[in-house]
Amino acid sequence: MRSAWRTLDTATLRAVVVMSLSVLVIGTSYGVAAHGAGLALWQIVLVATVVLAGSSEFVFVGILAAGGVPILAALAGLLVNTRNFGYGLAVGKHLRGTPEILLGAHLINDETAALATAESDPRRARAAFLLCGLGVLVAWPAGAALGATLGGVVADPAKLGLDAAFPALLAALAIPALRDGATWAAVTVGAAVAVASTPFLPAGLPIIGALGGFAALETVRRSREASLRAPETAGTGTDAAKEGASARDVLGHNNVRSRR
1 MRSAWRTLDT ATLRAVVVMS LSVLVIGTSY GVAAHGAGLA LWQIVLVATV
51 VLAGSSEFVF VGILAAGGVP ILAALAGLLV NTRNFGYGLA VGKHLRGTPE
101 ILLGAHLIND ETAALATAES DPRRARAAFL LCGLGVLVAW PAGAALGATL
151 GGVVADPAKL GLDAAFPALL AALAIPALRD GATWAAVTVG AAVAVASTPF
201 LPAGLPIIGA LGGFAALETV RRSREASLRA PETAGTGTDA AKEGASARDV
251 LGHNNVRSRR
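Quick note: the sequence shown, position 134, residue 134 per this note's numbering, numbers continuous.
Calculated from the structure, these hints are not laboratory results. Heads up, the beta-carbon is just placed ideally off N, CA and C, and yes, glycines get one too. Be a bit skeptical, because a hint or two may be false.
[Claimed, not checked] Between beta-carbon pairs, the in silico distance windows are:
#1 LEU46 / ARG224: 48 to 58 Å
#2 LEU228 / ALA66: 19 to 29 Å
#3 ARG222 / PRO122: 15 to 25 Å
#4 VAL25 / ARG96: 24 to 34 Å
#5 ALA226 / LEU146: 48 to 58 Å
#6 ALA226 / ALA185: 15 to 25 Å
#7 VAL17 / SER120: 18 to 28 Å
#8 LEU146 / ALA105: 37 to 47 Å
#9 THR10 / LEU103: 20 to 30 Å
#10 ALA90 / ALA196: 18 to 28 Å
Please build the complete structure, drawing on both the sequences and the hints.
Encoded structure:
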C-alpha cells in the first residue's frame, strides 16, 4: 500500500484521516445503541467488523430494540445496504484482480465511495478507496467497542448530535464534484426524490430512490446523443444514395457507348 499512499496528495490523505476519525465517533454512537438493545460486547464488535455498514447496523439494532425478530432485523439491514450495488458500479472499475475486488466488496460504503468518486484519476481513486476502506475497517469496530463499553454512561446517544455530523462531512466531500450543470440537475432530481419519499419509505431506501436523478440524467444524455447522430446517419444515407445513382449513370453511359 506504500505506492497507494504516494499517489495521493495531502488534502486527500487528510480527508481519509478525518473520515476515519468521524467513523470512530459514529461507531461509538452505534456501540452505545447496540448495548442498549441488549447485545453483548463481542456481538457488537463482530457485527461491526463483518457487516461494516453503519446504516444497516443502526436499522438492525433499532428493530431489535423495538422487540423485532432478529432475522427480520437482518433482512431490513440487508435491504438498506442494497445501495452499495450502485457504489460498486462506480468504484469496481478501479480495482485490480479478483482478490482486490473481493476486498473492495467488503470495504464499499458511503465513505469510501465518496472519497473514490471525488478523484478523477483512476489510480488516485483506487488508492483513496482502499486506504479509506482500511481506515473504516479499523475505526468502525473500535468505535463500536468503545461505545459498548461506555453504554452504561451515555443512555441516549441521540443527545450528542452525532447523527448530524456525519452527513455534514459527506456533503462537504460531495460539493467539489458539483462542477457542471448536468451534475447539479442529477443532484436536484435525486434530492427531490429522497425528500419526497422519506416519510413513506424505511430508513435507507430514499437514498436508493435518489439514484433516479442520475438515471434521469443518463436518459437525457443518451437521447441527446441519439438526436445528434440522427442527422449524420441521414446524411450518410443520402450521400450513399447519391453515390449509387452516380454509379448507375456511369454504367448506363458506358453501356450506351459500347452499343454504338
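Against the structure, the hints:
For LEU46 and ARG224, the Cβ-Cβ distance of about 50 Å falls inside the hinted range of 48 to 58 Å, so the restraint holds. Judged by the Cβ atoms, the range 19 to 29 Å given for LEU228 and ALA66 is violated: they are separated by roughly 54 Å. Taken as a hint, the range 15 to 25 Å holds for the pair ARG222 and PRO122, whose Cβ atoms sit roughly 24 Å apart. In this structure the supplied range 24 to 34 Å holds for VAL25 paired with ARG96, their Cβ-Cβ distance being about 32 Å.
For ALA226 and LEU146, the Cβ-Cβ distance of about 55 Å falls inside the hinted range of 48 to 58 Å, so the restraint holds. For ALA226 and ALA185, the hinted distance range of 15 to 25 Å is satisfied, since their beta carbons lie about 19 Å from each other. Remark: the range hint 18 to 28 Å for VAL17 to SER120 is upheld by a beta-carbon distance near 21 Å. Separated by about 27 Å at the C-beta atoms, LEU146 and ALA105 break the suggested range of 37 to 47 Å.
About 26 Å separates the C-beta atoms of THR10 and LEU103, a value consistent with the hinted range of 20 to 30 Å. Separation of ALA90 from ALA196 is about 24 Å and conforms to the stated range, judged on CB atoms against 18 to 28 Å.
In this structure, the earlier hints numbered 2, 8 are contradicted, and the remaining ones agree with it.
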